[in-house]
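Student: What follows is the residue order along each chain.
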Amino acid sequence: MNTGQFGRITVVSFFCYLVILFVLRLSGKRTLLKMNAFDFIITVSLGTVFGNILINQDEVLWEGLYIFCLLLIFQFLSSYLSSRSALFSRILKAHPSLLFYDGTYYEDKMKKERIPKSEVLQAIREQGIGKVEEVAAVILETDGTISVLPKKNNELRDLNTLVDLDENQENQKNDIE
Amino acid sequence: MTLENFIRMIIVAFGSYAVIVLVLRISGKRTLSKMNAFDFIVTVALGSVLANILVNHETLLWEGLFAFCLLVLLQYISTWLSVRSSAVRSLLKSEPSLIYYDDHYDNKKMKKERITEREVIQAIRKDGYISLDEIAAVILESDGTLTVMEKSKQKHLEQDDFFL
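In order, the protein sequences belong to chains C and S. Numbering follows my numbering, with no gaps: position 76 of the first sequence is 76. Numbering follows my numbering, with no gaps: position 132 of the second sequence is 132.
Quick caveat, the hints were computed from the structure, so don't treat them as lab data. Where hints are given, some of them may not hold.
With a straight-line cut-off of 27 angstroms between C-alpha atoms, the simulated DSS-like cross-links for lysine-lysine are [claimed, not checked]:
id, chain 1, residue 1, chain 2, residue 2
1, C, 152, S, 151
2, S, 126, S, 93
3, C, 111, C, 131
4, S, 93, S, 155
5, C, 152, S, 126
6, S, 112, S, 93
7, S, 153, C, 34
8, S, 155, C, 151
9, C, 117, S, 108
10, S, 109, S, 93
11, S, 108, C, 152
12, S, 155, C, 34
13, S, 93, S, 108
14, C, 151, S, 109
15, S, 112, S, 29
Only some residues are given here: those of chain C computed to face chain S with a beta carbon under 7 angstroms [stated by the list, open to error]:
id, residue
16, 54
17, 69
18, 83
19, 85
20, 147
Looking from chain S toward chain C, a few residues come up when the C-beta cut is under 10 angstroms (computed) [what the hints assert, rightly or not]:
id, residue
21, 84
22, 85
23, 86
C-beta: ideal position from N, C-alpha, C; glycine also.
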């Protein structure tokens with residue numbers, strides 16, 4: 001390796017760093033909010049593209065930056081459209097699924113989402129809850145995390161965060177109530 | 001793959017591992033803390049450079065390590081400047097926004113930040129709240145996470161109480 005290459009890496013790094021800083025700042029905080037499985041992949045891809053620009057001699061700087069900006073634009077468009085149209089929001093994002101509600105496991109849903117009972121129990125434990133009876137609901141969120149909602153004073157009421165679930169599940173929940 | 005390649009990989013892996021631990025340790029905890037949108041990208045880029053060093057035969061070890069150190073250095077400079085100058089700080093980092101307060105969504109801000117009501121409710125659920133009535137505020141932080149603030153029993157929280 002010669003000084004030329006060192007010089008190239010230094011210039012490219014500084015330049016990329018500034019450009020990426022600028023375009024990310026421009027695209028807003030939402031760009032890196034990880035609300036579904038896909039957002040996380042995009043964020044990692046952005047980082048990998050950046051890393052690749054720095055290290056690969058063959059990769060042309062402009063090409064890398066172009067791909068970076070393209071990814072950002074797609075992310076921008078998809079979040080822009082979903083915040084303005086309910087239809088888009090539904091197409092781009094799955095509904096959260098109810099896995100457990102007031103003592104009942106939704107086995108069909110768990111099979112479909114490939115979540116064994118042991119993982120539901122693990123999520124409950126991770127919240128520091130020792131008794132299944134204290135749990136009102138367990139939900140698989142669109143980003144793949146499991147939310148555990150404890151009962152309030154051992155009662156099932158004011159469940160107004162349990163919205164936007166799969167359609168037939170809304171009905172199942174209402175049946176139990 | 002020849003034996004030589006195999007041995008090269010072992011040496012490169014050990015060598016770069018040691019150097020990277022040392023560089024990160026010297027540069028301080030802040031290098032890998034994700035306080036704004038950009039920090040996460042840099043962290044992944046660091047990982048990608050390391051993976052490239054290990055996997056790509058064409059990438060020279062020194063070149064890769066040099067790129068790694070440069071990234072750490074740039075992060076160091078930008079954080080060094082932002083704790084010393086508020087102009088740099090506001091350039092590098094966006095302000096947090098209050099998007100839910102006092103039982104109301106701030107629809108204008110949500111549209112501007114491209115956040116849906118579903119996402120706000122999901123963030124509230126993830127924090128284990130079953131009822132919106134328990135929530136004082138939801139804030140979109142500058143690193144792109146949503147912070148959920150519980151109502152206080154002692155007093156009604158005013159907007160000024162969130163250090164925005």
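Student: Under the criterion of a CB-CB separation shorter than 7 angstroms, is residue 147(C) in contact with chain S as hinted?
Tutor: holds (4 angstroms)
Student: Starting from residue 155(S), check that the Cα of residue 151(C) is at most 27 angstroms away, please.
Tutor: holds (24 angstroms)
Student: Does the alpha-carbon distance linking residue 151(C) and residue 109(S) stay inside the 27 angstroms limit?
Tutor: violated (32 angstroms)
Student: Using 10 angstroms as the Cβ threshold, decide whether residue 84(S) counts as touching chain C.
Tutor: The hint is violated - residue 84(S) has no Cβ within 10 angstroms of chain C, the shortest such distance being about 17 angstroms.
Student: Measure nothing beyond the straight line between the CA atoms of residue 153(S) and residue 34(C); if it is 27 angstroms or shorter, mark the hint as holding.
Tutor: Answer violated: residue 153(S) to residue 34(C) is near 31 angstroms, above 27 angstroms.
Student: Keeping to a limit of 27 angstroms between CA atoms, is the pair of residue 155(S) and residue 34(C) held or broken?
Tutor: Given that 27 angstroms is the threshold and the Cα spacing comes to 32 angstroms, the pair is violated.
Student: Just to be careful, I want the Cα atoms of residue 152(C) and residue 126(S) compared with a cutoff of 27 angstroms; is the pair within it?
Tutor: holds (16 angstroms)
Student: Less than 7 angstroms between beta-carbons is the criterion; does residue 85(C) satisfy it with respect to chain S?
Tutor: violated (10 angstroms)
Student: Hold the hint about residue 69(C) up to the distance rule: shortest CB distance to chain S must be less than 7 angstroms.
Tutor: violated (13 angstroms)
Student: Can you confirm whether the C-alpha distance between residue 152(C) and residue 151(S) stays at or below 27 angstroms?
Tutor: holds (15 angstroms)
Student: For the pair supplied as a hint, residue 111(C) and residue 131(C), is the alpha-carbon distance within the 27 angstroms limit?
Tutor: Holds: residue 111(C) and residue 131(C) sit about 23 angstroms apart, inside 27 angstroms.
Student: Below or equal to 27 angstroms on CA atoms is what counts here, so check residue 93(S) against residue 108(S).
Tutor: Answer holds: residue 93(S) to residue 108(S) is near 21 angstroms, not above 27 angstroms.
When each numbered hint is compared with the structure, violations occur for hints 4, 7, 9, 11, 12, 14, 15, 17, 19, 21, 22, 23.
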